[in-house]
Structures are given as structure tokens and as C-alpha cells.
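Q: Listed here are the chains, written in short residue letters.
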Amino acid sequence: EAAVTQSPRSKVAVTGGKVTLSCHQTNNHDYMYWYRQDTGHGLRLIHYSYVADSTEKGDIPDGYKASRPSQENFSLILELASLSQTAVYFCASSDAGAYEQYFGPGTRLTVL
Amino acid sequence: GDSVTQTEGQVALSEEDFLTIHCNYSASGYPTLFWYVQYPGEGPQLLFRASRDKEKGSSRGFEATYDKGTTSFHLRKASVQESDSAVYYCALIPSSSFSKLVFGQGTSLSVVP
Numbered sequence: 001e002a003a004v005t006q007s008p009r010s011k012v013a014v015t016g017g018k019v020t021l022s023c024h025q026t027n028n029h030d031y032m033y034w035y036r037q038d039t040g041h042g043l044r045l046i047h048y049s050y051v052a053d054s055t056e057k058g059d060i061p062d063g064y065k066a067s068r069p070s071q072e073n074f075s076l077i078l079e080l081a082s083l084s085q086t087a088v089y090f091c092a093s094s095d096a097g098a099y100e101q102y103f104g105p106g107t108r109l110t111v112l
Numbered sequence: 113g114d115s116v117t118q119t120e121g122q123v124a125l126s127e128e129d130f131l132t133i134h135c136n137y138s139a140s141g142y143p144t145l146f147w148y149v150q151y152p153g154e155g156p157q158l159l160f161r162a163s164r165d166k167e168k169g170s171s172r173g174f175e176a177t178y179d180k181g182t183t184s185f186h187l188r189k190a191s192v193q194e195s196d197s198a199v200y201y202c203a204l205i206p207s208s209s210f211s212k213l214v215f216g217q218g219t220s221l222s223v224v225p
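Chains as they are written, first to last, in my numbering: chain P, 1 to 112; chain Z, 113 to 225.
If you're looking for bench data, these hints aren't it; they were derived computationally from the structure.
Please note that the accuracy of each hint is not assured.
To be verified - To give an idea of the chain Z side of the interface with chain P (calculated C-beta under 10 Å), a few residues:
hint	residue
1	113
2	116
3	118
4	139
5	140
6	144
7	150
8	153
9	154
10	158
11	163
12	201
13	202
14	213
15	216
16	217
Idealized CB from N, CA, C, for every residue including glycine.
All chains, please: the whole structure from these sequences, using the hints.
A: Structure below.
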């Protein structure tokens, strides 16, 4: 069965610190995505990637970087974490040209 | 830009009640429309999708019909159960996009026995 895992599942970070969220998929999918979830906003796309070693900006990329070192792994990096980045972050993967995205269980990030 | 609007932020029902969650979209051409469901502690998962005008998507007793005339894709279920309690997201992929999902705000459904 398709599987997307995320680590850590929850994290508390300090303002100004660096945070790295990791995502691993065993679906053999080309596309991977990072979303953030906020009450009242649904899910919004931060970065995505359609091939290893390449990333693209989504709708809300400011304050975030992404890294895709291999087909299976996709990281989201907050170089200088801020209070406004407190949210739940979801990673997803999909086949090229496919409609269905498979989501991981999410990472709850709290920035203090 | 492309957008999805869900009217209800929260819905509270009793078991066997009829459910309607309203979804309206704004996008050019013929976007593909989706309903995703998210259970507590999990990521969203696809409920069903529709790609053409008048096409009906359905799964697990839920259904929605693509209506280009009213730009709507309302979710309905005739008789809800407690296990249907979850957050429901309407979403679209624009016809011009490779696979870029645009989500609505989400509707939290709570069903009591």
C-alpha cells in the first residue's frame, strides 16, 4: 500500500531557530508536495517537486526552503522560524499526471 | 486566481440525518473537482473526484455532482453515522495545472449518536 511518512510528528522550536521537517515515500512517485494547514485556510501549497534535485515554489513559499535529494525524500526547511509558522505541515506524493495525492500523517510545529 | 469556497465551517448532526456541505469554485475551463476527508491525527485522503460537467462522484455513501453552470460540487449523504465525523475538504486541480491542488477551507463534521 502507498505510504508517506513524516518526521518528526511534532516539534517545538524557538523563534529564529532552524527547523527541518522530513518526508519519505515508498510509492515510487515522481511528485512530492509540502502543505501547511491552518484553521480557516484549509491546506496551502508551500513547495513541490517533480524530480529529484529540483524544487518549485508553491503558493506560499516565503520563509520556507525545500530539498529533494532523492525520489523518496523531500524536506522542508525553516531557516529562521517565526511564530506565524506555527501550523500542521503535510507532505504528499503523486504519480506524474495522476489526480490523487497521498498524504502523510502530518507534523505539528509549534514555534515559541 | 483559482479558488474553492466551502460555506460551512462546522456542521453538527445526529446519526441518520441528511448531510449537505456546500462547495463552490472559481476556475477557468474544466477543473477536476475533489472531495477529501481527514480523520483526526491523519492526513487527508481522497473520497472521490469528478472531471466533467454533470459527472457524479461517489464513495462510502457520499456523493457530489459536478455542476459547471452553478460552479458547484456539493457533498451529500442521505444518512450519516458517527464514524463520518471528520473534516471534509473540497478541492480542485485547474485544467491548466499538472497536479496543483487548491483546497477549500474545510468543514468539520461532528455526528452524535
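Q: Against this structure, judge whether each hint is valid.
A: Verification of the supplied hints:
1. Here the hint on residue 113(Z) is kept, as its CB sits about 9 Å from the closest CB of chain P, short of 10 Å.
2. Given hint, residue 116(Z) at the interface with chain P, holds; its Cβ is 8 Å from that chain's nearest Cβ, closer than 10 Å.
3. The interface hint given for residue 118(Z) holds, since its Cβ lies 8 Å from the closest Cβ of chain P, which is under the 10 Å cut-off.
4. At its closest, the beta carbon of residue 139(Z) sits 14 Å from a beta carbon of chain P; the interface hint therefore is violated under the 10 Å criterion.
5. Checking residue 140(Z) against chain P by beta carbon gives a least distance of about 17 Å; that is not within 10 Å, so the hint is violated.
6. Nearest Cβ of chain P to the Cβ of residue 144(Z): about 6 Å, under the 10 Å cut. The hint holds.
7. At about 8 Å, the closest approach between the beta carbon of residue 150(Z) and any beta carbon in chain P falls short of 10 Å, and the interface hint on this residue holds.
8. At about 7 Å, the closest approach between the beta carbon of residue 153(Z) and any beta carbon in chain P falls short of 10 Å, and the interface hint on this residue holds.
9. Interface hint at residue 154(Z): satisfied, since its Cβ lies 6 Å from the closest Cβ of chain P, which is below the 10 Å cut-off.
10. The beta carbon of residue 158(Z) comes within 5 Å of a beta carbon in chain P, closer than 10 Å, and the hint placing it at the interface holds.
11. For residue 163(Z), the suggested interface contact is upheld, since its CB lies about 8 Å from the closest CB of chain P, less than 10 Å.
12. Against a cut-off of 10 Å between C-beta atoms, the interface hint on residue 201(Z) holds, since the closest Cβ of chain P lies about 6 Å away.
13. With 10 Å as the threshold, the beta carbon of residue 202(Z) comes within range of chain P, its nearest partner Cβ sitting at about 9 Å, so the hint holds.
14. For residue 213(Z), the interface hint holds, the least distance from its beta-carbon to any beta-carbon of chain P being 6 Å, beneath 10 Å.
15. Below 10 Å, beta-carbon pairs count as interface contacts, and residue 216(Z) has one with chain P at about 6 Å; its hint therefore holds.
16. Taking 10 Å as the C-beta contact cut-off toward chain P, the hint placing residue 217(Z) at the interface holds, the least distance being around 5 Å.
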